[in-house]
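Student: Spelled out, the chains give:
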Amino acid sequence: MAFISTGYNPAKPMENRITDIGPKDHNEFYPPVIQKNKGKWSHHEILEPGVLVHVAESGDEVYTVRAGGARLMSTTMINEICDIADKHCNGHVRFTTRNNIEFMVDSKDKVEPLKNDLASRKFDGGSYKFPIGGTGAGITNIVHTQGWIHCHTPATDASGTVKASMDVLFNDFQDMRLPAQLRVSMACCLNMCGAVHCSDIAILGYHRKPPMLDHEYLDKVCEIPLAVSACPTAAIRPSKQVLANGTEVKSVAVKNERCMYCGNCYTMCPSMPLADTVGDGIVLMAGGKVSNRISEPKFSKVVVAFLPNEMPRWPSMTSAITKMVEAYAADANKYERLGDWAERIGWEKFFEKCELEFTHHLIDDFRQQAYMSWRQTTQFKF
Amino acid sequence: MAFISTGYNPAKPMENRITDIGPKDHNEFYPPVIQKNKGKWSHHEILEPGVLVHVAESGDEVYTVRAGGARLMSTTMINEICDIADKHCNGHVRFTTRNNIEFMVDSKDKVEPLKNDLASRKFDGGSYKFPIGGTGAGITNIVHTQGWIHCHTPATDASGTVKASMDVLFNDFQDMRLPAQLRVSMACCLNMCGAVHCSDIAILGYHRKPPMLDHEYLDKVCEIPLAVSACPTAAIRPSKQVLANGTEVKSVAVKNERCMYCGNCYTMCPSMPLADTVGDGIVLMAGGKVSNRISEPKFSKVVVAFLPNEMPRWPSMTSAITKMVEAYAADANKYERLGDWAERIGWEKFFEKCELEFTHHLIDDFRQQAYMSWRQTTQFKF
Amino acid sequence: MAKHETPLLDQLETGPWPSFVSDLKQQAEKRAKNVEGVEFQIPVDVVEDLLGVLELSYKHGRTHWKHGGIVGVFGYGGGVIGRYCDQPTAFPGVAAFHTMRVNHPAGKYYSTEYLRKLTELWDFRGSGITNMHGATGDIILLGTTTPQLEEIFWTLTHDLGQDLGGSGSNLRTPADCLGQSRCEYACYDTNALVYFLTNEYQDELHRPAFPYKFKFKLDGCPNCCVASIARSDMSFIGTWRDDIRIDQDAVNKYVENDPAYPANAGAFRGSKDWGPFDIEKEVTGLCPTKCMKFANKKLTIDNSNCTRCMHCINVMPRALKIGKDTGLSILCGAKAPILDGAQMGSLLVPFVEVNPDNDYEEITEIIENVWDWWMEEGKNRERLGELIMRQGFQRLLEATGIEAQPQHVSYPRTNPYIFWKEDEVEGGWERDVEEYRKHHQR
Amino acid sequence: MAKHETPLLDQLETGPWPSFVSDLKQQAEKRAKNVEGVEFQIPVDVVEDLLGVLELSYKHGRTHWKHGGIVGVFGYGGGVIGRYCDQPTAFPGVAAFHTMRVNHPAGKYYSTEYLRKLTELWDFRGSGITNMHGATGDIILLGTTTPQLEEIFWTLTHDLGQDLGGSGSNLRTPADCLGQSRCEYACYDTNALVYFLTNEYQDELHRPAFPYKFKFKLDGCPNCCVASIARSDMSFIGTWRDDIRIDQDAVNKYVENDPAYPANAGAFRGSKDWGPFDIEKEVTGLCPTKCMKFANKKLTIDNSNCTRCMHCINVMPRALKIGKDTGLSILCGAKAPILDGAQMGSLLVPFVEVNPDNDYEEITEIIENVWDWWMEEGKNRERLGELIMRQGFQRLLEATGIEAQPQHVSYPRTNPYIFWKEDEVEGGWERDVEEYRKHHQR
Ligand code: SRM
Ligand code: SRM
Ligand code: SRM
Ligand code: SRM
Ligand code: SF4
Ligand code: SF4
Ligand code: SF4
Ligand code: SF4
Ligand code: SF4
Ligand code: SF4
Ligand code: SF4
Ligand code: SF4
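Residue numbers (our numbering), protein chains in the order written: chain A, 15 to 396; chain B, 15 to 396; chain C, 29 to 470; chain D, 29 to 470.
All the given hints hold, so there is nothing to weed out.
A few chain B residues that face chain C, going by a derived Cβ cut-off under 8 Å, partial list only:
#1 S19
#2 P27
#3 W55
#4 L61
#5 M87
#6 R108
#7 C165
#8 R191
#9 P326
DSS-like mimics (lysine-lysine), calculated; alpha carbons at most 25 Å apart, straight line:
#10 B:K367 to D:K318
#11 B:K269 to D:K449
#12 D:K145 to A:K101
#13 B:K337 to B:K367
It should be emphasised that the hints constitute simulated quantities derived from the structure, not laboratory data. Cβ atoms here follow ideal geometry from the backbone N, Cα and C, with glycine treated the same way.
With the sequences and hints as input, model every part of the structure.
Tutor: Dropping the structure here:
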């Protein structure tokens, strides 16, 4: 594998350098029907799960077929997408904000061939490559993060938990039977790159053990003051430590009982790893939302404090998720998001109906606003 | 005026001492009809403002005539109450939790004479001694605190602001035209002895200047560490000060820009007075409630950041209060408390309808939960 | 003629509401005349000087009272608030003007016989000015001198059979709504329980052993007529566990606008006409949980979803009654805003029986567990609510041995910052970094 | 045969949802076969080793990636995330496995021509594994070695006309919903504005000068399809000031259950039958402000009370249209929970025009005022939201010269702890205690 140069010269990095040109201009990428009718759409309709039509004031129509995708995607897959787009869509395709793939055609008769093509493509293992769905009052793709595929701080895997979850939720990806859309999100540590804090259901990897201290290396690898100040609970203080071999080194000490395993210290200092086979696992949150529709956006709430990492299919996690989805499907009103439903029936009924256990971990004790989550009324249900 | 002893001997304080006997037994004080039917009441009715009947399962009835009172009350007044109670009520009387006086009679025919008697009693200045009212969907007595009559920390007077307010609200004391009960409360400093933090309308005295420092006396009169730790914003630190005469004394320094004039330092240390003629005045709060009826109890919100002390009748204050009451009376739904109304129409409409100005002072910036009061949605009214 | 001119205060004599100025003036006059020949133990002109110093405050908008010195009665750490005037020369009658807090009776019922004894004592040994009542609930005897304190206490205890209330870092005088004595909504006998608790905890009431003040308030039902949920470290609020009792005939009387069945028991009989009663708009539609239905002349309630807010019962008291399996909920931590912001009580005990036969054992046990914890952990001048906030609601549950329930929260935590205890996490917290490094290079 | 056994991962090949394992395996195979004869610039078996190290993580539940070293392209402070394996001997193919963030196009529209160029480049110089797309919005090229970074950048800029996105204490790659390109609800052209802002702030995107990361997200309407309100330091959300446009005929078509007018545009066409459309139950009754009425076949909206929540429009898109006087609201401070808890954006600007003709001047002015303040006052690693929380919302208003309005709050403050500025209070703060003592003895 010989190194092939583009012409870049490390000795003269500025030579012929192009910078700050920004992203590609989207105008180059719009399908013609989009380009033409932009800003002049009249209305749309979801014809069936995964198939939308948008009608322009001009009468033009654009049909969109939405296909699910694992966003961890090889160039092989992307090329296959291109093949499909070339065949059906004049070489245009788009991705949604939740990592689905949208194939657009400009007339109705092009829809069936496209759908058939998509539905026919499967991996040898049996999974669909391009399942059609993810619209309306159903469950769409799970937005997620890196997990064990690329990040240094995860407490669980991302792609794996998502695959396991989408497999059990698959019917609802291809259906629109729910009271409202239900968004599932996933983040593999408390940094929450998936921004799961406002999701109907959130899968969150998290640690439950205070950091280990690699005293021998700590001062060499980390800036001790940065590590100390990283801690939101002031659990870390600088401290001299004596190694097994008797040498005294500068390092830190952690007050374990103040630690909430947020991993912020580890972000700043590699000599404070948290990961642990049995300590790490999953927290489930529920009832958040983003849209301003009917009710205001709201944060997700922790509804299961801990589930162990059960590779490769996390059955306790998928079972808890399924229980929530089914209880919600059975009980909520039309247009009612999961969180609105929980608030209407009361969280005490939520736990009952979803058959989830309430434990002391679910009571907020973080910062003063925790107070606001306690019950300051005699209004409650037995 | 010769000292007359009870028999108490300061040299032998324990001699014949009686302690820890607690309050009087209420059973000695119940009117017979109460004693007899206690726990067996069937229902009640408000016959007209200030007049209630409670009907027992036994068929017995007790009629209650409620009269307003300034709770700052002389023995002369109490004796007059006793006269009335002796004349009409067999020597029984009670006070309500909001400092009204309740005269109870056990048959309907005794009601009119009692009412007439009460209504006929007036002070020479023209005010009623025993105005009948304070029930149902109206305005009852204002609970309040000491003010300039007895306390060392007030920023306004209590009895005077209350008298001024009740005079303008008097019609509603004797009416029941409002959408729901409307509770007005008053406290003369942020200690809030009136617990005004959950009132439909709250009058609150408060300071707006950091404490003065009486350096010469501070260390003599106060425990400096207590003064320092009293401050919730950590604005106070110990500090050496040089007096005009050149002597150096131990004292404190205050970071004025961190001070929120809460007066907690003055509570701990008399050498840090806050009171100021123009700095002190009144804040109005609104929209709180205590009952669990329909909506949960809620805190009052600051709706007027400052009104000057305008003795003796505080016209700016009473005018703002009247505006709120009238806007509420005109616009709220039946059974809707003031705060529920404000929340339903939105606080932006509240300020519009009550013709109150919104200023930056009304935006919370105290502690992290301030965040929860900001608007985290695109839902608002222009 | 008045001793001091009071042109500002005089303006508060007009207007319909009872004028405290007129009352003070009549009191001043009564003392000056002294037709009964009382041998006043404090200055005759105390009320005149009170008017004078108040007028001065009205003039320039500032108080003229100094911090109270430490005054009180022997062996008690509370019940008296010392107060001195900062203009004693101008107003010698109020140079010392302490208040005494007299523990009011449950439900604030009185006999005139008792009240007259009290006024007699207070004319004799004090200013004759009171608050009926203080914000905590006490009878406030407003203004006397130091030497009178023990004398008054003596008379109170010996002749009136009456003790002082609380102040300082004590239990404060517990207060209640009138409850079952005259209210059909009451779920327990507030008067009996407040009387019991006050007597049971006399020591805590009189001798400061707490980190700060502590207040009990007792409401018979969720209407909260003594505002317990907003202003007591421990609120006892009546509730029930079974079903609301419905009298269908009476319901229909309301629906038919029978005049003997006025909506909300007549609370809207004012100058505004709200139109005829509409059960859908006024009751079922306003039920916060929407657990009621009225159809075919029949009202049904899905009691498992009722949160006992009282609304429907308040609107139709002749038709709806509280359940029969009654008890109370306990909420903890309410307080005024100093220092960290106001709190309302947070629900600790959803339901507990109220049983006088075993001396309210279930209730006192909870109280004492809470106190033990607070006395152990609370800092100086830290209210219970602040301690709960500082240490977390979980600690309160542990201290009282109560299991966490969804009823404890309005919503579960929105952050995943859960503190685990070491023994809850398999393998504990001690780990060997060398072992770890075998699998994970630096 | 695969280089590493992956029994655990293999179990993720079954089930209907696209299997990333199957995809990784096909990619590994493609590289191994290399039918196109690509001169791979990084190890051929990179994907096999990726599968191997992932399997190892599945085995014992821990990641095998170390903190990234400082790698990047010359002159940029972001766009590349360094990553090294902590088992480089076992998995040499992924010993260094850096990602590059490629700034995606507005609306995430692509031509296949472009995508194929990108895959060609990435097969050649990287693992051929991507994320389409990263959580911020970028095209994530997942896994290459340090020497390739500049080469890839060169090709991207020279041959694809394509720049990198953000990482580090920079402006992050702004993202948008598809907006007017294909959505009738869009109140402004999100694609145009995101493109403009990204280009306008290239320097901020590439060269870290901020206290921490900073995110823009642009939603065309309050439905928030790019979730801007939850995850951007500054969210731009379309809205309007005038009236919702009503087509009464179309309203009645919905009411009549005309099949061409399905409720919510067909979003409920699933296996559950919700019964016929009911405008009262589904629209007017669910309107959060109850500002709508349907009577006599006519729908009326009291627009002054409408909060533009989108619900009615979502339910009846053929009958109701957003207003014509459109613009956007700006909210500030959303972020994930580290450190002080998550925030959603707080409303700073209720309404601002979106005017490409003056280069969105009103908008860029606000952005720059916010940045100036944050760069002046923000601590290291302090997000905008945290700064607002620490200093108070008022400071943000001052920094942007925006006047306080009730729209800024959901409710006014519940505590009276108002900080006054010295010049707002008559007489200021300096006072003479000696003067005071003339009127108030100690
Ligand atoms: C394609 C996409 C925008 C994009 O730029 O890529 C999109 C497109 C549409 N959204 Fe969305 N939304 C998209 C992500 C979102 C998100 C963001 C997210 O989930 O991360 C939200 C906020 C989610 C939340 O609140 O938690 C979102 C909340 C909505 C809502 C509000 C629904 C609600 O009940 O709260 C509507 C209105 C509706 O459904 O009628 C809506 C409506 C629509 C419409 C009907 C708009 C239109 O007229 O075209 C589009 C088709 C809806 C559908 O798929 O059922 N879109 N939509 C995104 C598709 C994601 C996917 O692949 O599934
Ligand atoms: C790649 C990506 C996740 C993904 O799988 O898509 C990602 C990956 C990382 N994020 Fe993130 N973040 C990514 C989107 C987000 C988002 C979502 C968003 O932007 O909408 C968030 C939540 C929103 C927010 O910004 O608050 C997010 C909140 C964080 C945080 C917490 C920041 C905070 O203030 O709370 C950290 C911690 C940090 O900055 O040290 C973080 C840190 C990281 C680091 C750099 C790990 C670290 O501590 O150094 C991760 C590198 C992973 C890797 O090896 O590739 N990442 N990160 C996303 C960026 C892809 C892209 O450019 O498109
Ligand atoms: C006498 C008193 C209790 C006592 O022990 O002294 C009392 C007595 C009654 N209250 Fe009360 N309440 C009394 C203070 C309160 C308070 C406390 C306060 O204001 O400080 C509250 C809570 C206020 C709040 O929420 O801010 C209170 C909230 C209620 C409610 C709930 C009303 C609501 O709309 O939220 C009811 C139910 C009702 O009015 O139908 C109620 C109902 C009643 C009833 C009807 C109960 C009954 O069946 O007898 C009594 C007559 C009501 C009336 O006067 O209109 N009572 N009531 C108090 C009279 C105070 C006064 O002089 O005006
Ligand atoms: C007399 C009374 C006001 C009244 O006019 O009725 C009163 C008067 C004082 N209160 Fe109070 N409080 C009175 C009921 C309350 C209440 C209401 C209640 O108990 O329901 C509260 C709010 C509820 C609470 O406890 O939080 C209250 C909250 C305070 C506070 C703030 C405590 C806190 O933790 O936030 C202080 C400050 C302090 O303790 O240093 C305070 C302090 C004081 C002091 C002792 C002033 C001081 O800083 O030393 C006042 C003495 C005034 C005087 O000269 O007589 N007073 N105080 C009330 C007691 C009468 C009684 O026994 O019946
Ligand atoms: S959520 Fe945490 S572990 Fe996952 S990608 Fe982001 S920073 Fe890494
Ligand atoms: S994990 Fe978080 S709480 Fe624990 S020591 Fe590290 S920074 Fe502090
Ligand atoms: S509110 Fe303040 S000033 Fe008024 S009585 Fe209570 S402590 Fe004194
Ligand atoms: S008034 Fe309050 S904030 Fe100001 S210095 Fe005193 S204790 Fe601190
Ligand atoms: S709280 Fe309930 S029981 Fe007590 S008086 Fe009020 S309504 Fe009656
Ligand atoms: S008490 Fe309240 S919640 Fe229960 S049925 Fe009546 S109105 Fe509904
Ligand atoms: S946010 Fe609004 S404008 Fe943008 S795609 Fe969603 S519905 Fe359309
Ligand atoms: S947009 Fe929302 S608030 Fe406005 S009328 Fe429609 S449903 Fe009501």
